[in-house]
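In the working numbering, the protein residues as written are 11 to 446.
Calculated directly from the structure, the hints in this document are not laboratory data. Keep in mind that this is a model prediction, so the values were computed, not measured. Some hints could be false.
[As the list claims (entries may be wrong)] 16 Å max Cα-Cα, derived EDC-like pairs, lysine to aspartate or glutamate: (1) Lys78 x Asp99; (2) Lys267 x Glu278; (3) Lys361 x Asp288; (4) Lys270 x Glu301; (5) Lys267 x Asp313; (6) Lys180 x Asp106; (7) Lys180 x Glu199; (8) Lys305 x Glu432; (9) Lys402 x Glu238; (10) Lys435 x Glu198; (11) Lys180 x Glu198; (12) Lys267 x Asp417; (13) Lys267 x Asp288.
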Amino acid sequence: LEFLEGYLTTTNILLTLFLALYILYYRTFHHYRFEQKSAFTKGRRFIGKTLPAFPNGWFCVARSGEIKKGEAKHIDMHGQNIAVFRGTDGIIYAIDAYCSHMGANLAEGGKVKFGKGLQCPFHGWVFDGETGNCVTGADMKQREADKFTYSEKATEGLKKECKTKIGVKKWQVKELGGFIFVWYHSIEELRTAPPPFEPLDITPFMEKLSYRGVSINKVQSHVQDIPENGGDLMHFYYVHNAFLPFTDLFKARWRAKWTKGDDPKLREIMKHEVPLIDQFKTQLMDRFLTEENAKYIGVLSLDSYMILPGCSEIFFFNATAFQVGSGLVYLFLKSQFFEAVLFQHLSPLEKYKHEVFHDMWASSYLPYCITALMLRLEAQQVMNDGRVWDNKQFAMSTYYDLREEPDRMLLNWRSWYAQFYEGCKEAEEEREKLSW
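Produce the complete structure using the sequences and hints provided.
Next comes the structure, spelled out in structure tokens:
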């Protein structure tokens, strides 16, 4: 009792209260997470004639920590069902999710066998993650079986076609910086060929900066509407004209410019008047752009200014963004006061239904609450876009005022992005055929 009386001093009570509050603060803001509850529209709606729903490219399907050794995860990506699993060798593999025997989902209850194989939970058939082959035994010998197919008249039952070796489709997969990527291409020969570009390796930035969390937005529109933001300069003035959603005290002004990574005038276009920013941009372009990948990367420079009541605009930060293919965007924020990286990746779950992720790393000296606020405001800006995206029709046939630079740039962006639809129209039509 005497000990308790000695402990319950004002100082100790305050220290205990401070510690409890700090633990709460740390758990809330250290790795902040915001998830939008739902899209702005619910159910199906007519968005007009569109381009194919699933463009080609690398797509982030999971985080490394989500799939441990011996575990599998079912991924619904681009209308494809994929079983992503980690072998006992620690390597990530990706194969079609459905067993070629009786159609069971290999990732739902399947077990890793023989180090790099995934066993069907239904009848025990095993598929090699390295080749997609159905195998028997630890020597990974490919299984053979007779193929039977229902005739167009179901009443006639199954007809034997041939004896053949069995397997499922294998997907190219890459694990980098704590994320797992799958390569998608509508043309089978290009889906299996070495990809012409890779996701960016931002590991040095991850190691230098401190991970601060993720925001997740729900979007229901055509997939192109999301990355098209980078080439749509004029929308910044109308959709993103305020930092805070509930007040006009902190107005925002943006100055943007975009061009293709292989533009001969890229360095000239991206040159910045602030030496610190200009040097940072040059280092980024030197690090990430090569002769091989520049064609598939779009480069955005975005200056952010804050306007306070009665004051002229104040330079806040610059963002240099690399749009890598159709599904990945890396944003590098730089100011005199901080540095941050945002990795934007989207998951096309089905036609016109997506989740947009922003993972953030920032200077370690920034307070957790500040970076949580930055991440939340980033999510709010995406929600500002989402309100438009979710309620618009896709601009399949449109008009551009080519006297205006923003429209010229938007047209240029669409021409660049068109390369990621190679073979997509034919693949989508084939997938949607209601035939035997």
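Against the structure, the hints come out as follows:
1. Lys78 x Asp99: holds (11 Å)
2. Lys267 x Glu278: The hint holds at about 12 Å.
3. Lys361 x Asp288: Distance ~40 Å between Lys361 and Asp288 Cα, so the pair is violated.
4. Lys270 x Glu301: Between Lys270 and Glu301 the Cα gap is close to 12 Å, so the pair holds against 16 Å.
5. Lys267 x Asp313: Cα-Cα ~9 Å, so holds.
6. Lys180 x Asp106: Status holds; Cα separation ~6 Å.
7. Lys180 x Glu199: Distance of about 12 Å is within 16 Å: holds.
8. Lys305 x Glu432: Answer holds: Lys305 to Glu432 is near 15 Å, not above 16 Å.
9. Lys402 x Glu238: Measuring from Cα to Cα gives roughly 14 Å; hence the hint holds.
10. Lys435 x Glu198: holds (14 Å)
11. Lys180 x Glu198: holds (11 Å)
12. Lys267 x Asp417: holds (12 Å)
13. Lys267 x Asp288: Satisfied, since the Cα-Cα distance of roughly 14 Å is no more than 16 Å.
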